[in-house]
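Please model the complete structure; the sequences and the hints are all you need to start from.
From first to last, the protein sequence lines stand for chains A and B. For the first sequence, this note's numbering begins at 1 and goes up steadily by one. For the second sequence, this note's numbering begins at 1 and goes up steadily by one.
The set of hints was computed from the structure by calculation and includes no laboratory data. Take the hints with a grain of salt, since some may be wrong.
To be verified - With a straight-line cut-off of 20 Å between C-alpha atoms, the simulated SDA-like cross-links for lysine to any residue are:
id	chain 1	residue 1	chain 2	residue 2
1	B	K191	B	Y265
2	B	K330	A	Q171
3	A	K66	A	F5
4	A	K10	A	T41
5	B	K48	A	R57
6	B	K380	B	E41
7	B	K337	A	E54
8	A	K66	A	Q56
9	A	K203	A	N131
10	B	K560	A	P118
11	B	K330	A	T41
12	B	K349	B	G298
13	B	K330	A	T158
14	A	K18	B	R309
15	A	K178	B	K48
16	A	K66	B	K337
17	B	K337	A	T19
18	B	K368	B	L188
19	B	K337	A	N17
20	A	K72	B	P338
21	A	K178	B	Q71
22	A	K178	B	E45
23	B	K375	B	V394
24	B	K223	B	E193
25	B	K330	B	K560
26	B	K337	A	V58
27	A	K178	B	K223
28	B	K481	A	K108
29	B	K337	A	D119
30	B	K200	B	A224
31	B	K303	B	K481
32	A	K66	B	V336
33	B	K330	A	D154
34	B	K349	B	P339
Said to hold, decoys possible - Covered stretches of chain A, going by a simulated chain B footprint (3 or more residues, C-beta under 8 Å):
id	segment
35	52-64
36	87-96
Here a beta-carbon is modelled for each residue, glycine too, at the ideal position from N, C-alpha and C.
Spelled out from the first residue to the last, the chains are:
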Amino acid sequence: MAITFLMDGKEVTAEENKTLLDIARENGVDIPTICFHEATTANALCRICVVEVEGQRVLQPACIVKAGAGMKVQTRSEKVIRARRTILEMLDSTMDLSETPEIQNMMKDYNADPNRFPDAERRESDVKDDNPMYVRDYSKCLLCWRCVQVCAEDAQYTFAINFDGRGFETQIGTFFGKSIPETSCVLCGQCVAVCPTGALKPKREFLLEQGMSPQEISVLNTGRKQKSKVKGRDDFRPLTGLEER
Amino acid sequence: MSEIDLTPLKLAIESYIPLGRSGLLPALHAAQKIYGWLPQEVASEVAKSLRVPLADVHGVIEFYSLYYNEQVGEKIIRVCTDQACTLKGGDRLLDHLCKYYDVEPGQTTEDLSLTIERSPCLGLCELAPAALVDDDAETSISPDFHSYDLGIPQSLVYGSIRELTSNCGESTTTLAKYGEYSAYQKALKVKPEDVIAEIKASGLVGRGGAAFPTGIKWEGAAKAQADQKYVVCNADESEPGTFKDRILLLDDPHRTIEGMCIAAYAIGASKGYIYIRGEYPYIVPVLENALIEAREAGYLGEKFDIEIRVGAGAYICGEETALFESIEGKRGFPRVKPPFPTTNGLFDKPTVINNVETLCNVPLIISKGSAEYRKIGTEKSPGSKLFCVSGDVVKPGLYEIPFGVTLRALLKMAGGPSTSLRTDKKSLKAVLFGGAAGAFATSAHLDVKLTFEDLRAAGLPLGSGVVMVFDETRNILDVLKRLGKFFAHESCGKCYPCQMGTQRQMEILDRVAAGNVVEGDFVCLQDVGWTMTDASLCGLGQTAASAVLSAMKLWPELFKDEGWGMKDEEKSEKVSKVSMVSKVKPKTVKKVVKATTKKSKKTTTKKK
Numbered sequence: 001m002a003i004t005f006l007m008d009g010k011e012v013t014a015e016e017n018k019t020l021l022d023i024a025r026e027n028g029v030d031i032p033t034i035c036f037h038e039a040t041t042a043n044a045l046c047r048i049c050v051v052e053v054e055g056q057r058v059l060q061p062a063c064i065v066k067a068g069a070g071m072k073v074q075t076r077s078e079k080v081i082r083a084r085r086t087i088l089e090m091l092d093s094t095m096d097l098s099e100t101p102e103i104q105n106m107m108k109d110y111n112a113d114p115n116r117f118p119d120a121e122r123r124e125s126d127v128k129d130d131n132p133m134y135v136r137d138y139s140k141c142l143l144c145w146r147c148v149q150v151c152a153e154d155a156q157y158t159f160a161i162n163f164d165g166r167g168f169e170t171q172i173g174t175f176f177g178k179s180i181p182e183t184s185c186v187l188c189g190q191c192v193a194v195c196p197t198g199a200l201k202p203k204r205e206f207l208l209e210q211g212m213s214p215q216e217i218s219v220l221n222t223g224r225k226q227k228s229k230v231k232g233r234d235d236f237r238p239l240t241g242l243e244e245r
Numbered sequence: 001m002s003e004i005d006l007t008p009l010k011l012a013i014e015s016y017i018p019l020g021r022s023g024l025l026p027a028l029h030a031a032q033k034i035y036g037w038l039p040q041e042v043a044s045e046v047a048k049s050l051r052v053p054l055a056d057v058h059g060v061i062e063f064y065s066l067y068y069n070e071q072v073g074e075k076i077i078r079v080c081t082d083q084a085c086t087l088k089g090g091d092r093l094l095d096h097l098c099k100y101y102d103v104e105p106g107q108t109t110e111d112l113s114l115t116i117e118r119s120p121c122l123g124l125c126e127l128a129p130a131a132l133v134d135d136d137a138e139t140s141i142s143p144d145f146h147s148y149d150l151g152i153p154q155s156l157v158y159g160s161i162r163e164l165t166s167n168c169g170e171s172t173t174t175l176a177k178y179g180e181y182s183a184y185q186k187a188l189k190v191k192p193e194d195v196i197a198e199i200k201a202s203g204l205v206g207r208g209g210a211a212f213p214t215g216i217k218w219e220g221a222a223k224a225q226a227d228q229k230y231v232v233c234n235a236d237e238s239e240p241g242t243f244k245d246r247i248l249l250l251d252d253p254h255r256t257i258e259g260m261c262i263a264a265y266a267i268g269a270s271k272g273y274i275y276i277r278g279e280y281p282y283i284v285p286v287l288e289n290a291l292i293e294a295r296e297a298g299y300l301g302e303k304f305d306i307e308i309r310v311g312a313g314a315y316i317c318g319e320e321t322a323l324f325e326s327i328e329g330k331r332g333f334p335r336v337k338p339p340f341p342t343t344n345g346l347f348d349k350p351t352v353i354n355n356v357e358t359l360c361n362v363p364l365i366i367s368k369g370s371a372e373y374r375k376i377g378t379e380k381s382p383g384s385k386l387f388c389v390s391g392d393v394v395k396p397g398l399y400e401i402p403f404g405v406t407l408r409a410l411l412k413m414a415g416g417p418s419t420s421l422r423t424d425k426k427s428l429k430a431v432l433f434g435g436a437a438g439a440f441a442t443s444a445h446l447d448v449k450l451t452f453e454d455l456r457a458a459g460l461p462l463g464s465g466v467v468m469v470f471d472e473t474r475n476i477l478d479v480l481k482r483l484g485k486f487f488a489h490e491s492c493g494k495c496y497p498c499q500m501g502t503q504r505q506m507e508i509l510d511r512v513a514a515g516n517v518v519e520g521d522f523v524c525l526q527d528v529g530w531t532m533t534d535a536s537l538c539g540l541g542q543t544a545a546s547a548v549l550s551a552m553k554l555w556p557e558l559f560k561d562e563g564w565g566m567k568d569e570e571k572s573e574k575v576s577k578v579s580m581v582s583k584v585k586p587k588t589v590k591k592v593v594k595a596t597t598k599k600s601k602k603t604t605t606k607k608k
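See below:
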């Protein structure tokens, strides 16, 4: 059944049971998202997608709130803009956003001031390079939870990672801080795939960025130089992890 | 490390194995009782036995303040340095203890005999300053620290009426003294829907802070179809300044249990939980004993029984859905609502969750009927209300008064500033209303009637009934600084506005309290505050700035330095459109804190 409601003053018709975010996207209305990912359970935790719904005391997350007939939704009211801008400013004062062009664009969109909180405590962490598949740089982690979710019931049922601490001091962590090879991690790579910020990065990508040549990486990985049958493609032989030593 | 003997652990957690993941918090409590802390081997054994992933067990240990993954002292002293205790010297007490034992707060003595910690509100505000020494409350500590009470805290009960507190003030009321569960028996003679109708007619609303109509909540759960329903008593009383549920449960546990029995009958629940905060360990045996009495008398048993669950140091677990998560053995993250607990509550089943004081009203309503019940209080706020009065008053304690009494009258009873009970001439500066998540009142509010409707009109939340009194000598900025610390410590970290907002709010308040106000602080605090209020996921975040925002309205001068034009900003109740910040701000050195786990920060063992 189709329902009709108002989004930013315009009448919108949509199928029942759809979220405000889906409907906004169908209608070309831009609602920013950070933690939302089509493949993971929506937790509505980044709150960047909040919108103002008439009659509701607080702003509503568009990623999970379903549209209802007669609803009056404002996607860019003053309250919404203040919330989004402040969230972005707080993010920028907390973590390294250098590998999140989308968020940087949002900052421009919302006139977010990167120096709003100049003496703020930041969440910093050393790069954790403890397994052959990926590196973890939690200075870049914005706690979207996607990696924990895909490691658990959203995909892999591996349960290798969870949280350290709570509140501002939360960080993704393993059992008593053990290295990845000591955990139940199966190196499936799903966490890396859903990471929005480069906090989780394929090892090879990381090494290339560090200035290592593909040749050097091959040597590092296998102990010997790789030869490909395709001429000139030596460097791109995929690493299966099963190469002879 | 490898010499840890796991035999006693296996024995102690055996009974939790059938509970699976839901047995995690009880099992970790049991483990910590044996080993004093939770070493890796112990945590893995618990994980294996309950079939919970290791990482998840770690996540749970990390979430709750009362679990330790590093060795702590044999004895742990938790000194309350929250508002009410600070007014009575809580900070001095902590300093004194730390100097005496030569440790810093959060550290353990070299011989591992003692850990001293700073604690958020322990719910002993009327007996301040107070501490928790292992499982005992240490209260009414004298200014020279030489005398104190140790064990089960005293109950100071006053007021103008004794309805809910008729059995409070002495010691625990046994079943023999409480008498039959006559209200429950009366309820059983009518249909469940009639019980709900009676509760609805009484006008009872929740006393935990949200003031939701109890009858409507029950009706929702009663109508929901499910093979299993639950009644949960929220006794995770952690709102700073609140101690009413502590007294109700200690002195009159059967009233709460009877209330739960009636609720269970009304909605068709066969299982109940009492979730009590971890900082009230001395109540647990009292409750256990009361449950045994109720079982022996046949009130609890096959049809409906109650299990006690003990929290582990997390204010957020007072939020109903976070409390469910905690019972389910998880980190106390609030869930998104809807769906609401009445349809998808504990274990995703229809659940009624009520605060202790709310449940205590239930037997009263059923016994005398809603019409009689409504004779007390006002039309829109029927019944009586418990107020937790602490701070600068002569007689701090629990006050039961009918709804409709003025704040002035309540302060007069308690001997607040400028009242006849006071011998000094100090006047009233402020009253923190409703707790940390509340708002400030001043002498301008003295004639406000204490009812839901009058307080709402005055912009004051009734909250959990906190009335914390500050006289003119008190520094509001210090109060705000502590509020900021409290929320930063207690934010669960799930949603961004609260996770980062409580931290930023604390930083700004710290700086302002230190006299280091910079231009833009006012607007920054407002933006952070309103963003938390408008956009946070749960009630904690939505109220984490409420007291601060109310203080900014009352005392804007505290947040400015001479020479700034504040006019526009003072008015900007609404949205501050432009960030008029930071351009002139002095660059302070960026504080970089390595994200260590909270445990290693908190309980660093003193180096030899």
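A quick look at each hint next to the structure:
no.: 1; hint: K191/B with Y265/B; verdict: holds (9 Å)
no.: 2; hint: K330/B with Q171/A; verdict: holds (16 Å)
no.: 3; hint: K66/A with F5/A; verdict: holds (11 Å)
no.: 4; hint: K10/A with T41/A; verdict: violated (29 Å)
no.: 5; hint: K48/B with R57/A; verdict: violated (44 Å)
no.: 6; hint: K380/B with E41/B; verdict: violated (57 Å)
no.: 7; hint: K337/B with E54/A; verdict: holds (17 Å)
no.: 8; hint: K66/A with Q56/A; verdict: holds (14 Å)
no.: 9; hint: K203/A with N131/A; verdict: holds (8 Å)
no.: 10; hint: K560/B with P118/A; verdict: holds (18 Å)
no.: 11; hint: K330/B with T41/A; verdict: holds (17 Å)
no.: 12; hint: K349/B with G298/B; verdict: violated (26 Å)
no.: 13; hint: K330/B with T158/A; verdict: holds (17 Å)
no.: 14; hint: K18/A with R309/B; verdict: violated (38 Å)
no.: 15; hint: K178/A with K48/B; verdict: holds (17 Å)
no.: 16; hint: K66/A with K337/B; verdict: holds (12 Å)
no.: 17; hint: K337/B with T19/A; verdict: holds (14 Å)
no.: 18; hint: K368/B with L188/B; verdict: holds (15 Å)
no.: 19; hint: K337/B with N17/A; verdict: holds (16 Å)
no.: 20; hint: K72/A with P338/B; verdict: holds (18 Å)
no.: 21; hint: K178/A with Q71/B; verdict: holds (18 Å)
no.: 22; hint: K178/A with E45/B; verdict: holds (16 Å)
no.: 23; hint: K375/B with V394/B; verdict: violated (31 Å)
no.: 24; hint: K223/B with E193/B; verdict: holds (10 Å)
no.: 25; hint: K330/B with K560/B; verdict: violated (43 Å)
no.: 26; hint: K337/B with V58/A; verdict: holds (12 Å)
no.: 27; hint: K178/A with K223/B; verdict: violated (48 Å)
no.: 28; hint: K481/B with K108/A; verdict: violated (33 Å)
no.: 29; hint: K337/B with D119/A; verdict: violated (35 Å)
no.: 30; hint: K200/B with A224/B; verdict: holds (18 Å)
no.: 31; hint: K303/B with K481/B; verdict: violated (49 Å)
no.: 32; hint: K66/A with V336/B; verdict: holds (13 Å)
no.: 33; hint: K330/B with D154/A; verdict: holds (17 Å)
no.: 34; hint: K349/B with P339/B; verdict: holds (11 Å)
no.: 35; hint: 52-64; verdict: holds (count 4)
no.: 36; hint: 87-96; verdict: holds (count 6)
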